[in-house]
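From first to last, the protein sequence lines are chains P and A. Using the UniProt record's numbering, the first residue of the first sequence is number 1, and each one after it goes up by one. Using the UniProt record's numbering, the first residue of the second sequence is number 1, and each one after it goes up by one.
If you are wondering where the hints come from, they were derived from the structure by calculation, not from laboratory data. Worth double-checking, as some hints may not be accurate.
As the list makes no split between identical chains, a pair holds if one copy fits it or if it spans any two.
The list that follows gives simulated cross-link-like pairs (lysine to aspartate or glutamate, EDC-like), each with its CA atoms no further than 16 Å apart [said to hold, decoys possible]:
#	residue 1	residue 2
1	K248	E121
2	K376	E118
3	K314	E240
4	K297	E410
5	K248	D312
Protein chains: 2
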Amino acid sequence: MRSTKVILAATAIAAALATGATAKPGDPGREKVVAAIKADHEAAVERLRDWIKLPTIANMGINHREGAEYMRSLVLDAGFQHAKVVPTDGVPGVFATLDAGAKDTLAVYFMYDVKHYEPSEWSSPPLEGRIVDRPGEGKVMIGRGAVNQKGPETAFLSAIRAFKAAGVKLPVNLVFVAEGEEEIASPHFPQVIANPEVRAALEKASGIIIPSAGQSVDGQMTLLLGAKGAVELQLISSGEKWGRGPNKDIHSSLMANVDSPAWHLVKALNTLVAEDGHTPAIDGWFENVKPLTARQKELIAADVAAGNEADDMKVLGIKRWYKEEDYLTANFRLAEQPTVNIQGLVSGYTGPGGKTVLPGRAEAKIDLRLVPDMTKDEAVAKLKAHLAKRGFGDIEVNVSGGYGPTQTDENSLLIKAEQATLADAKIPMTMSARSAGSWPGVVFTGPPLKMAAGQFGGGRGGGAHAPNEWLLIESSNPKVLGFDGQAILYADFLYEVARTAAKAKR
Amino acid sequence: MRSTKVILAATAIAAALATGATAKPGDPGREKVVAAIKADHEAAVERLRDWIKLPTIANMGINHREGAEYMRSLVLDAGFQHAKVVPTDGVPGVFATLDAGAKDTLAVYFMYDVKHYEPSEWSSPPLEGRIVDRPGEGKVMIGRGAVNQKGPETAFLSAIRAFKAAGVKLPVNLVFVAEGEEEIASPHFPQVIANPEVRAALEKASGIIIPSAGQSVDGQMTLLLGAKGAVELQLISSGEKWGRGPNKDIHSSLMANVDSPAWHLVKALNTLVAEDGHTPAIDGWFENVKPLTARQKELIAADVAAGNEADDMKVLGIKRWYKEEDYLTANFRLAEQPTVNIQGLVSGYTGPGGKTVLPGRAEAKIDLRLVPDMTKDEAVAKLKAHLAKRGFGDIEVNVSGGYGPTQTDENSLLIKAEQATLADAKIPMTMSARSAGSWPGVVFTGPPLKMAAGQFGGGRGGGAHAPNEWLLIESSNPKVLGFDGQAILYADFLYEVARTAAKAKR
Numbered sequence: 001m002r003s004t005k006v007i008l009a010a011t012a013i014a015a016a017l018a019t020g021a022t023a024k025p026g027d028p029g030r031e032k033v034v035a036a037i038k039a040d041h042e043a044a045v046e047r048l049r050d051w052i053k054l055p056t057i058a059n060m061g062i063n064h065r066e067g068a069e070y071m072r073s074l075v076l077d078a079g080f081q082h083a084k085v086v087p088t089d090g091v092p093g094v095f096a097t098l099d100a101g102a103k104d105t106l107a108v109y110f111m112y113d114v115k116h117y118e119p120s121e122w123s124s125p126p127l128e129g130r131i132v133d134r135p136g137e138g139k140v141m142i143g144r145g146a147v148n149q150k151g152p153e154t155a156f157l158s159a160i161r162a163f164k165a166a167g168v169k170l171p172v173n174l175v176f177v178a179e180g181e182e183e184i185a186s187p188h189f190p191q192v193i194a195n196p197e198v199r200a201a202l203e204k205a206s207g208i209i210i211p212s213a214g215q216s217v218d219g220q221m222t223l224l225l226g227a228k229g230a231v232e233l234q235l236i237s238s239g240e241k242w243g244r245g246p247n248k249d250i251h252s253s254l255m256a257n258v259d260s261p262a263w264h265l266v267k268a269l270n271t272l273v274a275e276d277g278h279t280p281a282i283d284g285w286f287e288n289v290k291p292l293t294a295r296q297k298e299l300i301a302a303d304v305a306a307g308n309e310a311d312d313m314k315v316l317g318i319k320r321w322y323k324e325e326d327y328l329t330a331n332f333r334l335a336e337q338p339t340v341n342i343q344g345l346v347s348g349y350t351g352p353g354g355k356t357v358l359p360g361r362a363e364a365k366i367d368l369r370l371v372p373d374m375t376k377d378e379a380v381a382k383l384k385a386h387l388a389k390r391g392f393g394d395i396e397v398n399v400s401g402g403y404g405p406t407q408t409d410e411n412s413l414l415i416k417a418e419q420a421t422l423a424d425a426k427i428p429m430t431m432s433a434r435s436a437g438s439w440p441g442v443v444f445t446g447p448p449l450k451m452a453a454g455q456f457g458g459g460r461g462g463g464a465h466a467p468n469e470w471l472l473i474e475s476s477n478p479k480v481l482g483f484d485g486q487a488i489l490y491a492d493f494l495y496e497v498a499r500t501a502a503k504a505k506r
Numbered sequence: 001m002r003s004t005k006v007i008l009a010a011t012a013i014a015a016a017l018a019t020g021a022t023a024k025p026g027d028p029g030r031e032k033v034v035a036a037i038k039a040d041h042e043a044a045v046e047r048l049r050d051w052i053k054l055p056t057i058a059n060m061g062i063n064h065r066e067g068a069e070y071m072r073s074l075v076l077d078a079g080f081q082h083a084k085v086v087p088t089d090g091v092p093g094v095f096a097t098l099d100a101g102a103k104d105t106l107a108v109y110f111m112y113d114v115k116h117y118e119p120s121e122w123s124s125p126p127l128e129g130r131i132v133d134r135p136g137e138g139k140v141m142i143g144r145g146a147v148n149q150k151g152p153e154t155a156f157l158s159a160i161r162a163f164k165a166a167g168v169k170l171p172v173n174l175v176f177v178a179e180g181e182e183e184i185a186s187p188h189f190p191q192v193i194a195n196p197e198v199r200a201a202l203e204k205a206s207g208i209i210i211p212s213a214g215q216s217v218d219g220q221m222t223l224l225l226g227a228k229g230a231v232e233l234q235l236i237s238s239g240e241k242w243g244r245g246p247n248k249d250i251h252s253s254l255m256a257n258v259d260s261p262a263w264h265l266v267k268a269l270n271t272l273v274a275e276d277g278h279t280p281a282i283d284g285w286f287e288n289v290k291p292l293t294a295r296q297k298e299l300i301a302a303d304v305a306a307g308n309e310a311d312d313m314k315v316l317g318i319k320r321w322y323k324e325e326d327y328l329t330a331n332f333r334l335a336e337q338p339t340v341n342i343q344g345l346v347s348g349y350t351g352p353g354g355k356t357v358l359p360g361r362a363e364a365k366i367d368l369r370l371v372p373d374m375t376k377d378e379a380v381a382k383l384k385a386h387l388a389k390r391g392f393g394d395i396e397v398n399v400s401g402g403y404g405p406t407q408t409d410e411n412s413l414l415i416k417a418e419q420a421t422l423a424d425a426k427i428p429m430t431m432s433a434r435s436a437g438s439w440p441g442v443v444f445t446g447p448p449l450k451m452a453a454g455q456f457g458g459g460r461g462g463g464a465h466a467p468n469e470w471l472l473i474e475s476s477n478p479k480v481l482g483f484d485g486q487a488i489l490y491a492d493f494l495y496e497v498a499r500t501a502a503k504a505k506r
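Excised from the complex, chain P in its bound form (with noise of 0.2 Å):
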């Protein structure tokens, strides 16, 4: 989910201010928790390893209940008083509530799955969280999970455990969320927010946060005001469903007289993106595009202006833009274009060289990005109605997970409280009319919560969804915060929430 965000951060405005976080008249108790954040640190890695070990995928059945018992185990011991397993049709979710006895409550987001990996490819072993030194950036932690998002969500439940241990009452009231399945769309999320005392719960919230450590190289943050939504789901083409073709692999010579559900899947498949490999085909799939306005192009052109164009091109192994279009138009393009990717090809046989086999089965496995005002259910029901229109109403559209586009207004209570912590920590700030990448923020910003949602974190970490993913433990850059900069910059955050709803109410 991250690594658009990483580009899109290190595009952005490298403006070089200090950081360093100073008390407000009105942080009763701050120094005490900062304290007791410094005094923690050990601990806090500790924890942060120790959760690492515990990696959940959804889609290999792997710690499903382990992961989000130990997620309420997490925030109990971070100072939750109330913390359930919420059961779903999936990997269950996770609800917590912490009554500070304070005017205002926020609500915060965590995913406790992770991308799976392949232990060969890591330096060192994905489950360890071995330190170790990252040249010009400091010591960093290596492990799944380390950066999308357990080292983020550690920071943020660090600086709550010191509210408690340094004995400071929290400025805000607090909801927890969890899910399993955020690497796979979120299939099951909507259900743990319907749950009635979840959404009781949120309703209070004046928005809500994921934890994450949005720096970039140069201590600069992006504000993700929007996100594209997304879409997973995989089309399988089989003899059987099809009633043409076999219904297994039979000898490939048989191709002269029997038919192909790989060709099948290929000539479906084609009439998705038109001739240019790459603008989605499906009909009516622009209807419910809304253009960038002229504040978001407003935004993605600062971003711009500063951003490195070769700099990204190296980042993605890339040599040209889409139609070879310059820098802006295809930042442009990246925030306002919904897309049909292809993430895999499963046919037949997959090894190395060839086999003499006719497939019986052919799956490709497709995500879709939307913008505003796409839908999740629009976009599914397009697709599936131009397959069938087409012929090829036998392919199976299994949705395996997805929500709509996100979009929080920069007005808001979250985004204003976002900015003065970061003004105040003297951290050089953007903001993002739109991530290319997702998350399933619309679960908060759509029907019927309609709160304010946002990715909000200091520090920095990479890799995320590769080989040797990071979280910055040690920053040897004094721009970009460490891991006790990172708690210290949620429990300021905690204090400026309370402080921008006071004033709001003035």
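Starting from the known structure of chain P, fit chain A onto it as the hints suggest.
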């Protein structure tokens, strides 16, 4: 290679004559040879079992050298006087000769490689060669290579060693050539044939056979007069070669402004077959395709008249032929139409569910089946030109093996001797105009050798390229030869080749 043959055999005339070879005048020592074959039964079965224990799998780097050495030792042990491993740029070949001081020479072709296998799919271990009961058939050996082709080959060698054991002079001299890459379409076998010593030896032979277990469940046998050619290749689309899209897997959200090698491959594949997902649409593909002759259609019609369409469909797991054609038309098409088949598709994430990547590489595993007068070089050149003309010139065409179609004259000495042998053995016989499956017979039937060539042998088996491959060892059906009967039929065939040659010279 055999599965199509099995299907064709099943469709052929099911005449019901008792089998049982009888000596002809002028077959000196035949009874001693038959006795020696029977006395050798247990040892021969053990030799087959031992051979199965050593699988050579060309495309997995398994037992290349070991398989060749073992093959060499098997033929020396059977009575060949000279045998050598013939190095190639791939898996080695084997060449051997047996000079019996006879007037005529027969050549024999072996493959010592096998298809790979997934032990978990087998009911008994694929390398154990366990003997089990097969209802309606008798005692069979289960093992990878049992029928394709170590079993029939072992029966052939048992015949040869029986002449030696019985002290009976072989009626013909023998030339032996073997390869270890048949299952990957024989990419280096032409190098074996091009060896001057091998070529000179083969030029003395009046024909060449590949041992096979060719009887149907009714005991009927089909003589293959021809077979389609096959070219195996992988089409690889990559950001690296394309110069567009990423040179590795990147986050799928980038689909908005980055090109996709997977979509590029889909668009390229889409041009290779017509809208029906079946008919080859490569430019000029049918230019050299010769229609079936009246005689070929007559042979196919005879097969079809004796076949059972419902059984064929059940075996294949299909409900209809391409275009809902009738059984006869579908069988004409099977023999006549060149094909472009997708063996496999591989790109990006191939595990369960999805993963948010935009893959840097996509591969389609393709096989082309060729009919006279198409050639391998022509097919590959036309495919490349077709792709290049449509803007897909960057897609790698990685040819991993292949050869053109083969055809043998039904009036050749070899086919005449085969027919006479079967008539004497009272095995009902039909001729197949052309197998849709392939074998590298063109190496022999094409220039420069232009020999008659064909698969030949009695007995029965199944499961080539599938789990639980088997060969009939002790037949419970008097119409079908068990292992000893298979060896005896080869002995009789050697007598018959000498006799037919003598007749031709008169």
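Now for the hints, and whether the structure bears them out:
1. Within a single copy, K248 and E121 get their C-alpha atoms only as close as 33 Å, which misses the 16 Å cut-off; across copies the closest is 14 Å, which meets it.
2. Taking the closest pair of Cα atoms, K376 and E118 never come within 16 Å of each other, the shortest separation being 31 Å inside a single copy and 40 Å across copies.
3. For the identical chains of this complex, K314 and E240 are inter-copy neighbours only, at 13 Å across copies versus 45 Å inside a copy, given an alpha-carbon limit of 16 Å.
4. Taking the shortest Cα distances, K297 and E410 sit within 16 Å of each other inside one copy (14 Å), while across copies they are farther apart (76 Å).
5. Taking CA atoms no more than 16 Å apart as the test, K248 paired with D312 passes between copies only; the shortest distance there is 14 Å, against 44 Å inside one copy.
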